[in-house]
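Visitor: Sequence:
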Amino acid sequence: MEIKNYTEQAQSFFKMLPNDWQENIIPFWEELKASTQVYILMDNGALVAGGLLFSKCPPDMLYYKKEADKWFKKGYIYLGFIYVDETKRNQNLGSLWLDKVKGLYPNNGFWLSIEDEKLHKFYTRNQFEKIATVKNQDSLEESIYIFNPWLIF
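Heads up, the sequence shown stops at 1058 in the working numbering, and the numbers go up one at a time, no gaps.
A hint or two may mislead.
Here are the in silico distance ranges between beta carbons for each label pair [unchecked claim]:
no., residue 1, residue 2, range
1, Glu1022, Lys909, 30 to 38 angstroms
2, Gly950, Trp1055, 34 to 42 angstroms
3, Gly980, Lys1005, 15 to 23 angstroms
4, Pro964, Lys920, 15 to 23 angstroms
Don't read these hints as lab results, they were simulated from the structure. For clarity, every value in this text was computed on a predicted model and none was experimentally measured. Even glycine gets a Cβ: it sits at the ideal position worked out from N, Cα and C.
Just need the whole structure built from these sequences, with the hints factored in.
Guide: And the structure:
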């Protein structure tokens, strides 16, 4: 498996995302692509997983911009739209993608938010720590997680 920067071919990655995710990224892509990287995992030429690395607050997170800006100012990169092809799930590809991204940016911390608490175990297993809970635009709770490479022994 290899990781590739797919920023220039981002639309190919977006096509594999669920429709509601596409609605949150595609209309904003032109303004975001200068500060966002798309990394995908390829398996024998097939795109099997990917995600976005943001260096500034995307439009769908403006409801907690103050919290976001705090992490961006500390040099953390926001991970969003992390997705594994449905036919390839339960093969540790999400963890592999995270490991490869961490390897590309060994001097950076990362942060992300989740709405689905079922993902808590996945992110803590991948060395992320839950640090806060915020309400999203629909007044549902989201958990914020960070990965801090300086605290790993």
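Visitor: Determine for every hint whether it applies to the structure shown.
Guide: Here is what the structure says about each hint:
1. Glu1022 to Lys909: 30 to 38 angstroms: holds (31 angstroms)
2. Gly950 to Trp1055: 34 to 42 angstroms: Since the Cβ atoms of glycine 950 and tryptophan 1055 sit about 37 angstroms apart, the hinted range of 34 to 42 angstroms holds.
3. Gly980 to Lys1005: 15 to 23 angstroms: holds (20 angstroms)
4. Pro964 to Lys920: 15 to 23 angstroms: Holds, since proline 964 and lysine 920 (Cβ atoms, about 20 angstroms apart) stay within the stated range.
No hint from the list above goes unmet by this structure.
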